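Trainee: Chain residues, written in single-letter form:
Protein chains: 4
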Amino acid sequence: MLTVPGRKICVVLTARTSYAKIQPILQAIQGYKGLELQVVCAASAVLERYGNTDKMVERDGFTINERVYNVLEGETLLTSAKATGIGIVEFSGTFDRLKPDAVLVMADRYEILSAAIAAAYLNIPLVHVQGGEVSGNIDEKVRHAVTKLADIHFPATKKSAENIVRMGENPEKVFHVGCPSIDLAKKVVENPALGFDLYKKYGGVGETPVLSDGYYIVMQHSVTTEPEDGRKQIEQTLRAMNRVKKPVLWFWPNVDAGGDDVSKGIRSFRENEKPDHMHFIKNMSPPDFMRVLYGSLGIIGNSSVAIREASFLGAPAVNVGSRQNARERGPNVVDVGYNENEIYDAVIKHCTGKTTSSPLYGDGDAGIKIADILAKTPLTFTKTLNY
Amino acid sequence: MLTVPGRKICVVLTARTSYAKIQPILQAIQGYKGLELQVVCAASAVLERYGNTDKMVERDGFTINERVYNVLEGETLLTSAKATGIGIVEFSGTFDRLKPDAVLVMADRYEILSAAIAAAYLNIPLVHVQGGEVSGNIDEKVRHAVTKLADIHFPATKKSAENIVRMGENPEKVFHVGCPSIDLAKKVVENPALGFDLYKKYGGVGETPVLSDGYYIVMQHSVTTEPEDGRKQIEQTLRAMNRVKKPVLWFWPNVDAGGDDVSKGIRSFRENEKPDHMHFIKNMSPPDFMRVLYGSLGIIGNSSVAIREASFLGAPAVNVGSRQNARERGPNVVDVGYNENEIYDAVIKHCTGKTTSSPLYGDGDAGIKIADILAKTPLTFTKTLNY
Amino acid sequence: MLTVPGRKICVVLTARTSYAKIQPILQAIQGYKGLELQVVCAASAVLERYGNTDKMVERDGFTINERVYNVLEGETLLTSAKATGIGIVEFSGTFDRLKPDAVLVMADRYEILSAAIAAAYLNIPLVHVQGGEVSGNIDEKVRHAVTKLADIHFPATKKSAENIVRMGENPEKVFHVGCPSIDLAKKVVENPALGFDLYKKYGGVGETPVLSDGYYIVMQHSVTTEPEDGRKQIEQTLRAMNRVKKPVLWFWPNVDAGGDDVSKGIRSFRENEKPDHMHFIKNMSPPDFMRVLYGSLGIIGNSSVAIREASFLGAPAVNVGSRQNARERGPNVVDVGYNENEIYDAVIKHCTGKTTSSPLYGDGDAGIKIADILAKTPLTFTKTLNY
Amino acid sequence: MLTVPGRKICVVLTARTSYAKIQPILQAIQGYKGLELQVVCAASAVLERYGNTDKMVERDGFTINERVYNVLEGETLLTSAKATGIGIVEFSGTFDRLKPDAVLVMADRYEILSAAIAAAYLNIPLVHVQGGEVSGNIDEKVRHAVTKLADIHFPATKKSAENIVRMGENPEKVFHVGCPSIDLAKKVVENPALGFDLYKKYGGVGETPVLSDGYYIVMQHSVTTEPEDGRKQIEQTLRAMNRVKKPVLWFWPNVDAGGDDVSKGIRSFRENEKPDHMHFIKNMSPPDFMRVLYGSLGIIGNSSVAIREASFLGAPAVNVGSRQNARERGPNVVDVGYNENEIYDAVIKHCTGKTTSSPLYGDGDAGIKIADILAKTPLTFTKTLNY
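In the order they appear, the protein sequences are chains A, B, C and D.
Letter by letter, the first sequence follows residues 1 to 387 of the working numbering.
Letter by letter, the second sequence follows residues 1 to 387 of the working numbering.
Letter by letter, the third sequence follows residues 1 to 387 of the working numbering.
Letter by letter, the fourth sequence follows residues 1 to 387 of the working numbering.
Think of the hints as simulated: they come from the structure by calculation, not from any bench.
What you are looking at is a predicted structure, and each value in this text was computed from that prediction instead of being measured.
Please note that a few of the clues may not be correct.
The list treats identical chains as interchangeable, and a pair is accepted whether it falls inside one copy or across any two copies.
[Unchecked claim] As a list, the in silico EDC-like pairs of lysine to aspartate or glutamate whose alpha-carbon atoms are at most 20 Å apart:
| no. | residue 1 | residue 2 |
| --- | --- | --- |
| 1 | Lys55 | Asp96 |
| 2 | Lys354 | Asp288 |
| 3 | Lys282 | Glu271 |
| 4 | Lys264 | Glu207 |
| 5 | Lys159 | Asp365 |
| 6 | Lys173 | Asp101 |
| 7 | Lys383 | Glu162 |
| 8 | Lys274 | Glu207 |
| 9 | Lys264 | Glu48 |
| 10 | Lys99 | Glu228 |
| 11 | Lys383 | Glu226 |
| 12 | Lys200 | Glu271 |
| 13 | Lys55 | Glu228 |
| 14 | Lys383 | Glu328 |
| 15 | Lys232 | Glu48 |
| 16 | Lys99 | Glu226 |
| 17 | Lys200 | Glu273 |
| 18 | Lys201 | Glu271 |
Just chain A, with the same shape it has in the complex (with noise of 0.2 Å):
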């Protein structure tokens, strides 16, 4: 008898911030009988100053087939849009080698695209996860696009999947499943017990407060639409949470055209406020991350975890700025502009701990259904419009 050898799902991480939402897929993927797993780490993720996610792919016992290098320094537009274009240059060679039998990409980050690209240039079927939202700035440009690209769609939210649809997408193709990220949310939930000393085990910058009293965190990036107000916008927070009396773990914000400036308006706030009831963090993996976010009176600044995660989690979420306009939300979820009375009052109010959970993003089980639906699913990349 003949051994068909498993299809081979090549999954690609490009920045932190994804990882919580991909370690579910490489998970099930890896513990799934006639799958292969191939991992790509890129952009971001496979440099010191956002934390070495690579890493953290490791330690958690996957197997990282290749690295590649795209980020251009200058955290500019112009910068970002050069690191795309060599993102495909590589992505195509990896790809070339590694003859996937299909690459799989999350979400909407520039570099996402590259990938995309380079995947339906080779004709390797794309599968894309977290599309047909809606967001209002270059990302989403970049995600819907990726959804003209890909082949199969494994949306978080019924609305997404009814929004892939409608433009134009095959409905055999496009599965309901949920975000990843609420599996890693769905274990802490379960177990919410911390388990390690964090100050001890990520390090960081800054002072280092008593938790146990409660606390805050803050995950604010740049605005690609907006990368020249980035110090502005960053300085409002700053100047907010300098008022809370509670702890501050703040953490560092992503590579993106502006970055550079918002990290600078955080370096230059230390040095001159030298503020003692914060602590300044690189990274974190998700699991812990996700049971520091349970733990907290609420998450203050523009990451869609506040948004997501957060929302089953019941973690109140004051969310700052435009970056996240037009994401569906629950209910734990405040809206405030880039002022810091507006900041400062929402944190008051609203983060005081725990409220109701919703399954808006999913149940916890995506991981598995997409490993499922991989294995079983025709592999396919040609299509056209389904009007």
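On the provided structure of chain A, position chains B, C and D as indicated by the hints.
Mentor: Leaving out everything else, chains B, C and D in the frame of chain A:
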């Protein structure tokens, strides 16, 4: 009174086959008070092997602001993908220097996505001509991906305009103007005299049969999803056209994965068969070509010109194989497989000179409509699904 | 009467450490009737992380014709190599647009070879400043490779001029003009007053110890042949300088393979040791830096400034490790290994303020000599071994 | 007892004209116990337009580890420069994956510098075959630049070995082994029978004149410093060879800036003149070519084969123009300008079959000497001027 400087519209041209559609737009923008034309020639449009369309552009009185070299030799799927990456690196530099108020791209060739991404990532409003059509191959993925990156749409047909709106684009940004190639076709119908000696003006290789008693045109490219079959496919057409009695004007194929195999097939056939009723030509100015097409018995192959311009001209077309699958077609087209006998029979029966003209792809005023809209409509670069 | 247009000399600047040598050349060319200055800033010279030398250039009254972004993040040997390739792609476009009569590059950093190849392959005469020196690492390979691509040579020392001729270059093309950095040093010696508040003007992080009673300068980069040792090496110097009593002005390292490790070592040391006699600075204008150096007790580390400018200034230097191996040195330098005690002892014993000045690296008029020669010497781009 | 794994030697092949010199090295390394062969094919060696040398390599029994596509179409100085940059990006990835103990490159084509820089910047010992020669054009700049990046040198002649040492290389690293192409020539002299039907085996275009009564060979490339003259230059040779009575075997030119003009000149001449004594061939395996050369009346053009292999074979050579200026030559060569009459007269007078053989370029055992040395000599990657 202040002089308001005109909007700078940067038009990207990447292939000689697009020039018939681009030329009326260039003319209209150049002639429009309040618009400033920028021209970028790229990809095969700057290569001698593909007829140096850039020089044709200059002869027509347009100034080329920059030339972009991005074709990586190899003509495999891998090199096409890498060429797209190099394209982004180059186009983004070009747009950053030219600082246009909008970038206009045409149709669906793989390198178009380079220009589209470069513009989108630099926050430059993107204008897409000829979106919304269906074709069922990688071109269709590219076309719709460009639609999702584009801010203003100029579809060629009513149905493709509807498709764009259904894909989630704002109807206020979708302008059904017809295909600009019909602008040229209209002029030819109004004044069909050839006015030049074809062999003298365009050279080419092979015999120079007398054309006054009727002739066929062949234009057949490789199919990107079937790159390894290019040679076999072209051989069927070569053998079929070897049996016809009337002269044949054969146009060399595009640069594409597989393009070399098609060229090679033609070269080998010429060396072996030395057909005395065939003449092989690299390129022709669009108006000249349109006149030649209008005066022919019909066109054979898989070029879109046989579907689009020929429909308005009423020129019979034998469409070979899958490349134009699902493109809207008028009554001038019959479809056949990659089969010598099928092709031969269709040519004999169907290609007997003029049939009725169809307005399917426009009325002949697309260029001026486009210029007018670009001068007046708001130029923005953020959008969200219009559902 | 016809006006003869001046020769266009395109000067390439890629790192802040070169600016002290480039600045006198820019000044001399800009002021020379019959020469037209073009400036291209590239690599770390356009990055904020490395102090935006490009902005310093503009503040000094020079116009930057183009900026080249070629630094690929990762700071490994692989990304340095790829950055060099990207550099060629970008520089060749830049030179093709600027059409200079000659391109001038400085010294031996890895990205310099990008500019040299771009010029040589475009048949543009290449001018090399500071060739012929020996150093024993990858820099030396780069430096001599550039010499073999260059058409005109401006070595800094008599011995390096002899080396260039021995390597087969035509003596008529080798001009021993001295190092242009000495031009600046000469001005500082003539007018040594600091004239600004260092902490106010340059910011930086760490304490702000009083400098009036003597201070040390540290400048230590990673060594490209020992990239994995960067952290260990810097730690020895950090520990040694932690023991001295006088203030220390510490300058952040260059971008290089291993550069991040050095920076990381410094950051970690700062967080843990919180040294109250140290101040950490990103960058300084060359004249300001030279004044600060001239007023110091001595300079510690592995920067070439300690060998070169400091020799003319008579500033004591403790040279650590292998980076400057085999570079010609004057009486101001003592050499030590990567060893805390060795470094400490040498600092205490040797760094006690001024020693005698040496003319080894020039007399202070290199810039004007270079401009004069570039205005008059034949500019050619073919050559052959002069044996 | 531990098995010591063999040293991995990565040989880079970038053009069919190098294959005659590379093949004996590949054979010797593959057959040498204690060495492991890696082969990388790149540039025109992987392109069908230039005869797919990579397939020849595989037919000869070697495994190609990676193919590098770096030829950017355009065949201008600008695209050659950019292709070199793309080459570095690609080669550095390749070497990083293959992890050879040494990289071996041959001669002086522009893309060789890509491989040399990639190896040098990755701290991989670089081996250069055929350094130290003089030629007076961009090739010479490239050749000596590679020498300054290389750690081990295998020059072809005594004089070029001396040149390398004079350039400052350590004599212990310079091994005068002769040119490996002579290894092949030696085998041909020992067994000169052609053993195949040239027209059947190699196809080509044009007439098929009877060769038994003597024939000429032409091989003429564009000259990179005179790219715009390629067409005029080739026309002189075409006209001269149109006047000879005996058959002419004409080989298509290399890819180079200007290469297309030469090809175009040949194509146009063929169409217009239809010479009945000429046959045009793309490529031939080196041993076959050597046999054809050995059996000819002489070789005309500017190929190095006329200087090098023909000198050992005793085949008369008419060297046209400046491309081989200053290369050492034996008694088989006469030099002429780009002039129909000069060329014609020299062919008639000088090309009359065998002259005496010269050992100038070696004895025929270079390959095995190279393999032996690479197995035993220390492999290092740092060096300094040996003065």
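Trainee: A separate judgement is required for each hint: does it hold in the structure or not?
Mentor: Checked hints:
1. Lys55 <-> Asp96: between (24 Å within a copy, 19 Å between copies)
2. Lys354 <-> Asp288: within (18 Å within a copy, 56 Å between copies)
3. Lys282 <-> Glu271: both (17 Å within a copy, 14 Å between copies)
4. Lys264 <-> Glu207: both (19 Å within a copy, 19 Å between copies)
5. Lys159 <-> Asp365: Only inside one copy: Lys159 and Asp365 sit 18 Å apart there, 40 Å across copies, limit 20 Å.
6. Lys173 <-> Asp101: Within one copy only: 16 Å inside a chain, 38 Å across chains, cut-off 20 Å.
7. Lys383 <-> Glu162: both (18 Å within a copy, 19 Å between copies)
8. Lys274 <-> Glu207: both (9 Å within a copy, 13 Å between copies)
9. Lys264 <-> Glu48: Both: 17 Å inside a chain and 10 Å across chains, each within 20 Å.
10. Lys99 <-> Glu228: The answer is between: 17 Å across copies meets 20 Å, while 41 Å in one copy does not.
11. Lys383 <-> Glu226: between (36 Å within a copy, 15 Å between copies)
12. Lys200 <-> Glu271: between (23 Å within a copy, 14 Å between copies)
13. Lys55 <-> Glu228: Classified as between; 17 Å across copies, 32 Å inside a copy.
14. Lys383 <-> Glu328: between (28 Å within a copy, 16 Å between copies)
15. Lys232 <-> Glu48: Result: close only across copies, 18 Å inter versus 26 Å intra.
16. Lys99 <-> Glu226: So Lys99 and Glu226 pass the 20 Å test across copies only (18 Å; inside, 39 Å).
17. Lys200 <-> Glu273: between (24 Å within a copy, 17 Å between copies)
18. Lys201 <-> Glu271: Close across copies (16 Å), not inside one copy (24 Å); limit 20 Å.
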